[in-house]
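Here is what each chain is made of, one letter per residue.
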Amino acid sequence: MQLAWSPEDEAFRVELIEFLDAHTPEQMHTGYDFQDVHDEHDLVPPWLRQWQATLFDHGWMVPGYPPELGGRNCSPVQTLIYLETLASRRLLRSGHFPGYAIVAPSLLEFGNEAQKQLVPAAIRGDTIWCIGMSEPDAGSDLAGLQTRAELRDDHFVVNGQKVWTSYAMIAQKCFCYVRTDPTLPKHKGISLLILDVDSPGIDIRPLRHINGTAGFAEVFFTDVVVPRENLVGGLNGGWAITQGSLAHERAGLWVEGVARFEQTVEGLVQLARAQGRADDPIVRRKIAEGYELAASLRALGYKGFASFAQGSSAPEHSYMKMAMSEASKAAFELGMEIAGPLAPVTDPRLSAATSRFVYGFFMSFANTIAGGSSEIQRNIIAQRVLGLPRA
Amino acid sequence: MDFSLTPDQELLRETARKVLERECPPALVRAHIDDAAAYAPLWRHLSEFTPLGAGPATDLCLFLAETGYAAAPGPFLATALFAALTGGDGNAIGTVALVDDPTMRFVLETDRVERIAFVTPGPGLAVVDADAVTARFVATVDFSRRLFEVEVPQLDARPLAPAEYAHWRDRAHACMAAEMVGTARRIFDMSLSYAKARKQFDVPIGSFQAIQHKLADMSLALERATAAVQYAAMTVDAGDRDRTRAGHVAKAAAGEAARRILKDGIQIHGGIGYTWEHDLHLFLRRATADEYLLGTRGWHLDQLAAALIDG
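Order-wise, the sequence lines are chains B and W.
If you read the first sequence in this note's numbering, its first letter stands for residue 1, the second for the next number, and so on.
If you read the second sequence in this note's numbering, its first letter stands for residue 1, the second for the next number, and so on.
Read the hints as simulated data drawn from the structure, not as lab findings.
Treat the hints with caution; some may be incorrect.
[Stated by the list, open to error] Derived DSS-like pairs: lysine-lysine, alpha-carbon spacing no greater than 30 Å straight-line:
hint : chain 1 : residue 1 : chain 2 : residue 2
1    : W       : Lys263    : B       : Lys329
2    : W       : Lys196    : B       : Lys186
3    : W       : Lys196    : B       : Lys188
[Claimed, not checked] Here are the in silico distance ranges between beta carbons for each label pair:
hint : chain 1 : residue 1 : chain 2 : residue 2 : range
4    : W       : Gln267    : B       : Gly371    : 39 to 47 Å
5    : W       : Lys18     : B       : Asp9      : 32 to 40 Å
6    : W       : Ala36     : B       : Asp9      : 50 to 58 Å
7    : W       : Asp189    : B       : Asp137    : 34 to 42 Å
8    : B       : Arg273    : W       : Pro159    : 35 to 43 Å
9    : W       : Asp189    : B       : Glu68     : 46 to 54 Å
10   : B       : Gly64     : W       : Pro102    : 46 to 54 Å
A quick note: this is a predicted structure, and the numbers were derived from the prediction, not measured.
We treat Cβ as the ideally placed atom computed from N, Cα and C, and that holds for glycine.
Generate coordinates for the entire structure from the input sequences, incorporating the hints supplied.
Structure representation (structure tokens):
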């Protein structure tokens with residue numbers, strides 16, 4: 001156990017910092033621990049698209065990948081250094097995570113040679129992807145999905161509906177889980193298809209979030225024709241890929257999540273001072289609790305990384321999403337408590353220092369639901385980490 | 001930040017587990033309730049490891065997690081704290097008395113040590129023979145530790161550099177937290193095993209979501225406290241500037257983990273967990289009392305708040 005990485009790894013950090021100093025766009029330095037996007041076209045503004053392409057072209061988009069995939073073949077430790085450096089500088093890599101974080105690793109693992117050709121554009125952000133998972137009757141019970149794909153000779157015909165599909169309004173392609181055999185047990189009749197979002201028969205209806213901002217959509221499929229070669233992995237082999245793609249999502253998110261949470265706690269300190277509550281013993285203890293939680297979760301993340309880097313499965317990652325999403329909700333609540341009567345105020349004349357907390361509070365509801373609700377996370381920890389029997 | 005254990009650390013932890021499992025069964029902890037001498041056979045083994053007290057905090061904390069897991073009686077922790085303060089090689093059996101310090105009103109294990117290091121306000125340091133000090137045993141709910149009220153003798157204290165004392169405290173917070181997290185892990189393991197074995201309504205109670213979610217929350221608290229202790233130990237060994245905050249975080253996280261786990265652990269055990277006959281209370285007692293040694297969770301949070309808000 002030791003605090004410092006090797007000299008080679010620290011040199012990697014220096015090289016990264018030099019790149020970031022030279023290339024980080026000015027527009028990056030806006031809100032980071034919450035997002036305030038009111039227009040779906042703002043989801044991926046041009047400067048952010050350009051930034052992702054720049055990262056890719058310099059081998060800094062997914063540094064563990066080879067140069068042709070936007071990386072530089074760096075080690076897992078260096079990837080961690082990369083993520084912590086970005087997080088400490090509040091830098092996003094991209095305005096849309098599904099392509100580089102879920103589609104790319106899934107295609108590299110499960111796709112055929114033709115499908116792997118889609119990976120560079122997914123990572124560079126030239127193609128925007130959405131993920132078709134949840135349905136009105138398949139939320140936490142994802143395996144209950146009913147969107148039907150019938151195989152007819154050389155193509156599938158897709159009918160059904162997805163919901164809560166992030167980025168569907170701006171995506172070119174959809175990574176879509178469908179039922180290809182309704183006679184099999186539910187986990188065994190699911191396949192994964194690649195859909196072009198502009199295919200005839202796809203209808204996208206944006207859904208606004210509770211805070212009024214744009215975000216996700218309903219996607220309806222009516223007799224959508226999909227070439228058979230767009231099947232990823234085997235027919236009825238989709239469930240294994242869902243497990244893989246969610247794992248990709250969770251493995252990389254903790255560094256950024258912890259950094260955002262730490263920055264929220266720093267924001268609470270500033271708010272308490274500004275609002276004259278810095279001497280309130282209850283406020284002080286609650287802020288300290290937030291700090292204690294953030295610091296211990298950061299340590300837990302690194303500890304999980306150590307076992308991951310040594311090839312063991314890392315149950316620590318299962319804890320991180322649940323803990324951080326609930327902790328940040330509590331931190332935003334504390335910000336509202338400190339703000340007092342200003343907490344719900346959105347009038348810009350009065351709320352410059354305080355509205356981020358109520359917006360963050362509203363946003364935080366998404367984080368305890370999306371990507372597997374906190375209740376499902378607890379089931380996963382109980383059953384897969386602790387070995388308790390299923391009901 | 002590399003949390004991987006070295007092969008030597010893996011070996012140390014395995015050795016500690018084996019020794020304590022063999023030499024400190026719950027029967028010994030129970031015997032210690034009425035017979036203070038019951039610790040002697042265990043101490044013959046543990047005393048071989050006291051030089052760890054003079055070594056890296058990372059190694060020491062791995063060992064302390066196991067003494068906590070076993071609720072081991074004896075002056076191992078006291079001696080480790082003594083060695084770090086007095087700079088010895090760890091072979092002198094000692095304890096530390098903090099004069100007029102609200103986080104440590106009583107002194108550990110004074111009747112089992114050769115030397116007592118007094119830290120006086122200032123701070124100053126004086127080391128005296130234990131025989132020369134009058135100490136009264138103070139009964140607590142925890143039968144596995146022995147606490148004493150000590151009459152502070154006339155002391156010829158030398159000045160102790162405030163930074164040196166602060167560094168010792170950081171290390172002491174990590175050590176105390178390490179033992180406490182070890183005890184919490186014991187209660188957690190007992191509760192998890194019980195949830196898998198105990199059947200009601202014809203199924204293991206651990207298949208019920210109400211129990212599963214309790215155990216998931218307990219395990220999160222445990223794992224983050226474990227990581228916080230290891231991080232604190234690493235910062236102490238590196239002399240890192242984050243070490244003071246890390247020590248506060250470790251003891252506060254240990255307090256949260258222990259309190260949650262002991263409460264929910266007894267709840268999961270149901271009626272049997274409330275009996276004298278069951279071993280659970282031996283660890284419940286240790287974990288409850290540890291909260292009040294070297295600062296409660298609330299005290300450590302207040303120190304953090306001062307550093308964050310006033311610092």
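Return holds or violated for the Cβ distance of B/Arg273 and W/Pro159 against the range 35 to 43 Å. holds, 36 Å
Would the hint linking W/Lys263 and B/Lys329 be met if the CA-CA limit is 30 Å? Measuring from Cα to Cα gives roughly 25 Å; hence the hint holds.
Is the hinted range of 50 to 58 Å satisfied by the C-beta distance from W/Ala36 to B/Asp9? holds, 51 Å
Assuming the hint says 46 to 54 Å, is it satisfied by the Cβ distance from W/Asp189 to B/Glu68 or not? With Cβ atoms ~48 Å apart, the hint holds.
Determine whether the Cβ-Cβ distance between W/Lys18 and B/Asp9 falls within the hinted range of 32 to 40 Å. holds, 35 Å
Pair hint W/Lys196 and B/Lys188, alpha-carbon separation not exceeding 30 Å: holds, 29 Å
Could you say whether the range 46 to 54 Å given as a hint is met by the Cβ separation of B/Gly64 and W/Pro102? Holds: the Cβ-Cβ distance is about 50 Å, inside 46 to 54 Å.
Range hint 34 to 42 Å (beta carbons of W/Asp189 and B/Asp137) holds or violated: Between W/Asp189 and B/Asp137, where Cβ atoms are some 40 Å apart, the hint holds.
State, for the Cβ atoms of W/Gln267 and B/Gly371, whether the hinted interval 39 to 47 Å holds or is violated. violated, 30 Å
Does B/Lys186 sit within 30 Å of W/Lys196, going by the straight-line distance between their CA atoms? This hinted pair holds, its Cα atoms lying about 28 Å apart.
The structure fails hint 4 only (numbered hints given earlier).
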